[in-house]
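Visitor: Could you build all of it, start to finish, from the sequences and the hints given here?
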Amino acid sequence: MKTIEVRTRAREQLVDISAQVRRLVSESGVKEGVIHLWALHTTCGLTVNENADPDVARDIVEKMRHLVPQAEAFYRHGEGNSDSHLKTSLFGPGLTLLIEDGDLVLGTWQGVFLAEWDGPRTRKIAAVVMAA
Amino acid sequence: MKTIEVRTRAREQLVDISAQVRRLVSESGVKEGVIHLWALHTTCGLTVNENADPDVARDIVEKMRHLVPQAEAFYRHGEGNSDSHLKTSLFGPGLTLLIEDGDLVLGTWQGVFLAEWDGPRTRKIAAVVMAA
Amino acid sequence: MKTIEVRTRAREQLVDISAQVRRLVSESGVKEGVIHLWALHTTCGLTVNENADPDVARDIVEKMRHLVPQAEAFYRHGEGNSDSHLKTSLFGPGLTLLIEDGDLVLGTWQGVFLAEWDGPRTRKIAAVVMAA
Numbered sequence: 004m005k006t007i008e009v010r011t012r013a014r015e016q017l018v019d020i021s022a023q024v025r026r027l028v029s030e031s032g033v034k035e036g037v038i039h040l041w042a043l044h045t046t047c048g049l050t051v052n053e054n055a056d057p058d059v060a061r062d063i064v065e066k067m068r069h070l071v072p073q074a075e076a077f078y079r080h081g082e083g084n085s086d087s088h089l090k091t092s093l094f095g096p097g098l099t100l101l102i103e104d105g106d107l108v109l110g111t112w113q114g115v116f117l118a119e120w121d122g123p124r125t126r127k128i129a130a131v132v133m134a135a
Numbered sequence: 004m005k006t007i008e009v010r011t012r013a014r015e016q017l018v019d020i021s022a023q024v025r026r027l028v029s030e031s032g033v034k035e036g037v038i039h040l041w042a043l044h045t046t047c048g049l050t051v052n053e054n055a056d057p058d059v060a061r062d063i064v065e066k067m068r069h070l071v072p073q074a075e076a077f078y079r080h081g082e083g084n085s086d087s088h089l090k091t092s093l094f095g096p097g098l099t100l101l102i103e104d105g106d107l108v109l110g111t112w113q114g115v116f117l118a119e120w121d122g123p124r125t126r127k128i129a130a131v132v133m134a135a
Numbered sequence: 004m005k006t007i008e009v010r011t012r013a014r015e016q017l018v019d020i021s022a023q024v025r026r027l028v029s030e031s032g033v034k035e036g037v038i039h040l041w042a043l044h045t046t047c048g049l050t051v052n053e054n055a056d057p058d059v060a061r062d063i064v065e066k067m068r069h070l071v072p073q074a075e076a077f078y079r080h081g082e083g084n085s086d087s088h089l090k091t092s093l094f095g096p097g098l099t100l101l102i103e104d105g106d107l108v109l110g111t112w113q114g115v116f117l118a119e120w121d122g123p124r125t126r127k128i129a130a131v132v133m134a135a
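So the sequence lines, in the order shown, correspond to chains S, L and Y.
For the first sequence, our numbering assigns the number 4 to the initial residue and increments by one for each residue that follows.
For the second sequence, our numbering assigns the number 4 to the initial residue and increments by one for each residue that follows.
For the third sequence, our numbering assigns the number 4 to the initial residue and increments by one for each residue that follows.
Simulated from the structure, these hints should not be mistaken for lab results.
Please read all numbers here as calculations on a predicted model, not as lab measurements.
Take the hints with a grain of salt, since some may be wrong.
Treat identical chains as interchangeable: a pair holds within one or across any two.
As the list claims (entries may be wrong) - Cut-off 27 Å, straight-line C-alpha distance, at most; resulting in silico cross-link-like pairs (DSS-like, lysine-lysine):
#, residue 1, residue 2
1, K127, K5
2, K34, K127
3, K5, K34
Guide: Pasting the structure below:
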């Protein structure tokens with residue numbers, strides 16, 4: 004198992020971690036298989052989406068802020084981040100990516116993102132690479 | 004393949020199944036790898052979130068109830084649980100967890116939950132463990 | 004790695020791809036293990052839900068349209084499909100399904116769907132099968 008660290012800069016933010024994940028794949032020496040990623044936290048998730056136009060990530064975060072705002076009259080959890088916990092379950096804390104020819108299998112527009120929902124923080128992601 | 008059974012007690016509820024999943028991992032004898040979990044249903048999912056303060060799970064369920072209420076004028080499915088089906092796709096019916104030193108790799112606050120969206124019922128989860 | 008193609012017919016639609024995925028499993032010859040599926044796009048995802056009553060898929064799509072409508076005053080991405088990108092992250096672009104006795108492990112009502120959020124288009128899904 005390997006881990007990578009990601010520094011986030013805002014309460015809610017998608018941070019492109021494609022380069023770090025690619026490095027894990029190439030260091031593993033695995034040519035064909037999968038990499039399983041896991042965020043070791045309950046207020047950030049992992050996702051894959053467009054990394055060409057930064058407005059895509061920005062719009063995703065903005066709409067999530069409207070759908071699941073930080074404050075709700077009915078929240079009971081004392082830390083004021085119930086919204087961050089829900090957003091994490093909606094995006095999911097894990098991701099399984101395919102590997103071929105020693106590199107990630109991604110579509111033309113796909114990048115790997117950490118979805119920060121309660122930053123800024125330093126986040127840890129664990130990874131296991133499996134050969135096919 | 005192994006299966007575990009989970010008894011839920013409410014229509015919508017997060018049930019902590021960490022201990023049952025840990026037992027599957029230890030019984031498998033696998034020291035390094037992953038466990039793939041799969042809920043064999045279309046109205047409950049699997050997720051990982053905080054299991055320290057029970058208000059976190061409670062707030063998640065409560066907000067999901069507001070976002071995706073049971074009744075909508077435009078629903079056509081006759082069983083009155085279209086909301087449960089959508090909540091299941093939003094949380095996802097599967098989960099891949101990492102294994103190291105013969106145990107689950109989880110962050111300090113992470114617990115594994117069955118997300119019941121149409122209970123109370125007895126649910127079945129299938130599992131396959133793969134060695135790295 | 005194998006790929007399958009899926010033709011979608013509407014902007015937003017759940018398309019049942021269970022038969023195509025089953026074929027990938029049987030062609031692989033793997034009797035026990037998992038199949039990892041990956042949609043190579045940023046505006047469609049993969050999910051599992053009921054494929055008995057078509058109104059379930061219809062209600063899921065309809066509710067997603069209400070939750071995440073195409074137009075929002077605050078969207079900046081110029082292509083007018085920020086909603087499709089978010090829906091993709093909410094459903095997820097990947098899926099790991101269990102295999103036993105050379106076939107998918109699915110509950111009675113479960114079918115595998117491509118969740119189209121910006122069609123109609125021809126979509127490509129990559130797959131890797133791993134033996135347990």
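Visitor: Look at each hint and say if it fits the structure.
Guide: Structure-based check of all given hints:
{"no.": "1", "hint": "K127 x K5", "verdict": "within (10 Å within a copy, 30 Å between copies)"}
{"no.": "2", "hint": "K34 x K127", "verdict": "both (25 Å within a copy, 21 Å between copies)"}
{"no.": "3", "hint": "K5 x K34", "verdict": "both (17 Å within a copy, 15 Å between copies)"}
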